[in-house]
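The hints should help you fit chain B onto chain A, whose structure is shown.
2 protein chains.
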Amino acid sequence: MENEPDTAMRRYGMRIAAISAYAPRNRISNRRIAARLRFERMRVNADRRRHGLGPLQTKEKKVYATSDRWIQRFIGFKERRFAAEGEGTIDLAARAALLLLNETDLKASAVDGIVFGSVTPSYLSSPPDSALLQDRLGILPFDGGQPREFYCIDSSLACSTWVACLRQAYLLISSGAVRNLLVIGADKMSDAINWQDRAFATVLGDAGTVAWCTAVPVEEDWFGPEQFWSWASGRDGDIISTPVGGSKSPIHSLSDVTDYRNRLTMDGAMVKELIVPLVGGPAAKAALRKAGWTMDMLDLAALHEANLVLNQSIVEQWSGSGFHGKVLDAGGMFGNTTTASIPLALALNADALNVGSRFIWAAFGGGLTVSIVLGQIRHDVRVLTAV
Amino acid sequence: MENEPDTAMRRYGMRIAAISAYAPRNRISNRRIAARLRFERMRVNADRRRHGLGPLQTKEKKVYATSDRWIQRFIGFKERRFAAEGEGTIDLAARAALLLLNETDLKASAVDGIVFGSVTPSYLSSPPDSALLQDRLGILPFDGGQPREFYCIDSSLACSTWVACLRQAYLLISSGAVRNLLVIGADKMSDAINWQDRAFATVLGDAGTVAWCTAVPVEEDWFGPEQFWSWASGRDGDIISTPVGGSKSPIHSLSDVTDYRNRLTMDGAMVKELIVPLVGGPAAKAALRKAGWTMDMLDLAALHEANLVLNQSIVEQWSGSGFHGKVLDAGGMFGNTTTASIPLALALNADALNVGSRFIWAAFGGGLTVSIVLGQIRHDVRVLTAV
Numbered sequence: 121m122e123n124e125p126d127t128a129m130r131r132y133g134m135r136i137a138a139i140s141a142y143a144p145r146n147r148i149s150n151r152r153i154a155a156r157l158r159f160e161r162m163r164v165n166a167d168r169r170r171h172g173l174g175p176l177q178t179k180e181k182k183v184y185a186t187s188d189r190w191i192q193r194f195i196g197f198k199e200r201r202f203a204a205e206g207e208g209t210i211d212l213a214a215r216a217a218l219l220l221l222n223e224t225d226l227k228a229s230a231v232d233g234i235v236f237g238s239v240t241p242s243y244l245s246s247p248p249d250s251a252l253l254q255d256r257l258g259i260l261p262f263d264g265g266q267p268r269e270f271y272c273i274d275s276s277l278a279c280s281t282w283v284a285c286l287r288q289a290y291l292l293i294s295s296g297a298v299r300n301l302l303v304i305g306a307d308k309m310s311d312a313i314n315w316q317d318r319a320f321a322t323v324l325g326d327a328g329t330v331a332w333c334t335a336v337p338v339e340e341d342w343f344g345p346e347q348f349w350s351w352a353s354g355r356d357g358d359i360i361s362t363p364v365g366g367s368k369s370p371i372h373s374l375s376d377v378t379d380y381r382n383r384l385t386m387d388g389a390m391v392k393e394l395i396v397p398l399v400g401g402p403a404a405k406a407a408l409r410k411a412g413w414t415m416d417m418l419d420l421a422a423l424h425e426a427n428l429v430l431n432q433s434i435v436e437q438w439s440g441s442g443f444h445g446k447v448l449d450a451g452g453m454f455g456n457t458t459t460a461s462i463p464l465a466l467a468l469n470a471d472a473l474n475v476g477s478r479f480i481w482a483a484f485g486g487g488l489t490v491s492i493v494l495g496q497i498r499h500d501v502r503v504l505t506a507v
Numbered sequence: 121m122e123n124e125p126d127t128a129m130r131r132y133g134m135r136i137a138a139i140s141a142y143a144p145r146n147r148i149s150n151r152r153i154a155a156r157l158r159f160e161r162m163r164v165n166a167d168r169r170r171h172g173l174g175p176l177q178t179k180e181k182k183v184y185a186t187s188d189r190w191i192q193r194f195i196g197f198k199e200r201r202f203a204a205e206g207e208g209t210i211d212l213a214a215r216a217a218l219l220l221l222n223e224t225d226l227k228a229s230a231v232d233g234i235v236f237g238s239v240t241p242s243y244l245s246s247p248p249d250s251a252l253l254q255d256r257l258g259i260l261p262f263d264g265g266q267p268r269e270f271y272c273i274d275s276s277l278a279c280s281t282w283v284a285c286l287r288q289a290y291l292l293i294s295s296g297a298v299r300n301l302l303v304i305g306a307d308k309m310s311d312a313i314n315w316q317d318r319a320f321a322t323v324l325g326d327a328g329t330v331a332w333c334t335a336v337p338v339e340e341d342w343f344g345p346e347q348f349w350s351w352a353s354g355r356d357g358d359i360i361s362t363p364v365g366g367s368k369s370p371i372h373s374l375s376d377v378t379d380y381r382n383r384l385t386m387d388g389a390m391v392k393e394l395i396v397p398l399v400g401g402p403a404a405k406a407a408l409r410k411a412g413w414t415m416d417m418l419d420l421a422a423l424h425e426a427n428l429v430l431n432q433s434i435v436e437q438w439s440g441s442g443f444h445g446k447v448l449d450a451g452g453m454f455g456n457t458t459t460a461s462i463p464l465a466l467a468l469n470a471d472a473l474n475v476g477s478r479f480i481w482a483a484f485g486g487g488l489t490v491s492i493v494l495g496q497i498r499h500d501v502r503v504l505t506a507v
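Line by line, the protein sequences give chains A and B. Per our numbering, the first sequence starts with residue 121, numbered consecutively. Per our numbering, the second sequence starts with residue 121, numbered consecutively.
Hints are supplied without guarantee of correctness; some may be wrong.
Listed next, the in silico EDC-like pairs over lysine to aspartate or glutamate satisfying Cα-Cα at most 16 Å (straight line) [what the hints assert, rightly or not]:
| no. | chain 1 | residue 1 | chain 2 | residue 2 |
| --- | --- | --- | --- | --- |
| 1 | A | K410 | B | E269 |
| 2 | B | K227 | B | D255 |
| 3 | A | K405 | B | E269 |
| 4 | A | K182 | A | E160 |
| 5 | B | K410 | A | E269 |
| 6 | B | K179 | B | D263 |
| 7 | A | K405 | B | D263 |
| 8 | B | K392 | B | E436 |
| 9 | A | K181 | A | D167 |
| 10 | B | K405 | A | E269 |
| 11 | B | K405 | A | D263 |
Rather than coming from a laboratory, the hints here were simulated on the basis of the structure.
Extracted from the complex, chain A is given alone in its bound form (with noise of 0.2 Å):
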């Protein structure tokens, strides 16, 4: 850390004084995931019988097909939770929200603001998420008649969305602008899911999480302006992308709806083949060049969990550069939460978050993005949850 170069600047250092996780509480088995692609797959052959077509080919019936054994082995998940009908990502966020209020010392009145990370967003346009949660958790818009000053944003970037709001919070509270802000990363990830297509079908899951970041002294802090490193390449931005329901492709018909193209798809194997060997090599290696730190610095890793398997070539390549720090992740008990799968891995392995560990947060996937955070532990960090 004293190699670290001063060419940004901070009045404050910034620590995460408690994350809160919460799951829905139902429970979805990869057999059940199996059951639902085969109950899709013989739907779209009856339709194709009743307009005169012929069953689905080998290679289309490929799309429907895993199993238990296959997510085990390809994806390493084995199960996922789905939020309720009704349940939206606003709900899951005020869920971990609400919980962090009543059970730690931080007071509603003493939140400044609120950064909410989500890729499903409870409404389109608007009302913002974070407007909505200010209202959830009780902070008043009014003190003794006059506005309140606070601080709201939705922001996303797809699966990288979690550590890109870390850094506009780390921003907001290292030059002093707020002292205590709510770092949300929530998604209800079960709406986006292509039930026709096993890419996504076979990872997404919902949860929501909040991180209390608050100022310290520089001297105490956690992060630096050096630590944050973030990579783009829009030109593969149709890796991970929803064909319609934006303002690109509008939903246009019912069959826009009926054959989920307003949800998530995935080229798996081109992510696989562009992410692990940039993750695992030249993107954590610039992250940790530019804070001046090296890979065997590092005690704690948490990458973003959208497959456990591709994470596992990951960590290999650190390996192999030195790294031997502890990977903390979900045991693919929650499937891939997107915004909040970092947090959440982080809340589910409280007794690894001791003082003085040096972590890698390396958070990746549409876009394509990269965004990786270097820090320390300088604090006890108080952990929730609710799952």
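Using the frame of chain A, we list chain B on its own:
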């Protein structure tokens, strides 16, 4: 400016070096809006007859009733632009940004990041527009085989988005984290119109803008850490809201789409009742107080152009508190372009952007939210328009 309280920190100041604005060619008059609403009313009445229901009641018919005269009188809008079929938010932004790169000395390789403000993202969940724009501008993700650091984020805060994004840019640039940032305000609002409700049908329009923000010495800073002020009131979230299509209430049936339940709704009377006295009074005063400024110091104002009549009421209140500056707007010729409205007003009034002028830019709307920034133009601004 000398009185600015120095509770927040910066290494650099920020200027806006250039603003570029694009609007589609397709002009939509008030008469065409009125005709489209009439057509919808007839369609709904025909549907009701088919289902054995009586015609719409007088009260129900009211939401379809408008005219050129009514819109000009109560909203102040004359026309707006609609993007072409297949033209999404990314295309509106790319047009403005390519114009800027072509006409200024900013090279693609000198752009360090993109803060993409929009409430109508091109794609749901992924890919992010900021990453797509990187590609459209020819900003390369690799440099000599190594991943090139690049900052991306997509952000939204309903109608307050643009000022909130400018604040993010200020934090990134003033801390020294990046040097050249493109702040996008782009929205294809025409796809968010509920054609069975005049509230938004009479106002929304499409546009794309980019502000090139760049680092300057602190003593040339246009802004200051204390010159941004923001507010939210999530309990009023339902006043401007999209009922269906987000994670809180996903699309379940064709009627969700055909009845426009996945489009924006607005309780215009409540917006007026809450926003006008707030922005006209205590919100603007709180922003000025935080900066140590007074109303009479302001030379220029740009307000989110949701409704010119409403804005006039706000400015009248400001005038009562000593404001005697010039108000910049798009003159009701582009409608409410949401995240694009303030930069579009600036671009259309290039002659007023004189060195030395102190300004207030006030964004407000869905959430409810308010985001205000105060500043002083200290360098020539290059303005480009393709409208």
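Now the hints, each set against the structure:
Between K410/A and E269/B the alpha-carbon distance is near 10 Å, which keeps this suggested pair within the 16 Å criterion. The straight-line distance between the Cα atoms of K227/B and D255/B is roughly 14 Å, inside the 16 Å bound, and the hint therefore holds. Between K405/A and E269/B, the direct Cα distance comes to roughly 12 Å. Compliance with the 16 Å bound is thereby established for this hinted pair. Distance restraint check for K182/A and E160/A: the Cα-Cα separation of roughly 12 Å lies within the 16 Å cut-off, and the hinted pair is therefore satisfied.
Proximity of K410/B to E269/A is assessed by CA-CA distance (about 10 Å); at most 16 Å being required, the pair is judged to hold. Taking the CA atoms of K179/B and D263/B, the gap is near 63 Å; set against the 16 Å cutoff, the hint is violated. Between K405/A and D263/B the alpha-carbon distance is near 15 Å, which keeps this suggested pair within the 16 Å criterion. The suggested pairing of K392/B with E436/B holds, with an alpha-carbon distance near 14 Å, which does not exceed 16 Å.
About 14 Å separates the Cα atoms of K181/A and D167/A, which keeps this hinted pair within 16 Å; it holds. Straight-line distance between C-alpha atoms of K405/B and E269/A comes to about 12 Å, which keeps the hinted pair within the 16 Å bound. The hinted pair formed by K405/B and D263/A meets the criterion: a straight-line CA distance of about 15 Å does not exceed 16 Å.
When each numbered hint is compared with the structure, a violation occurs for hint 6 only.
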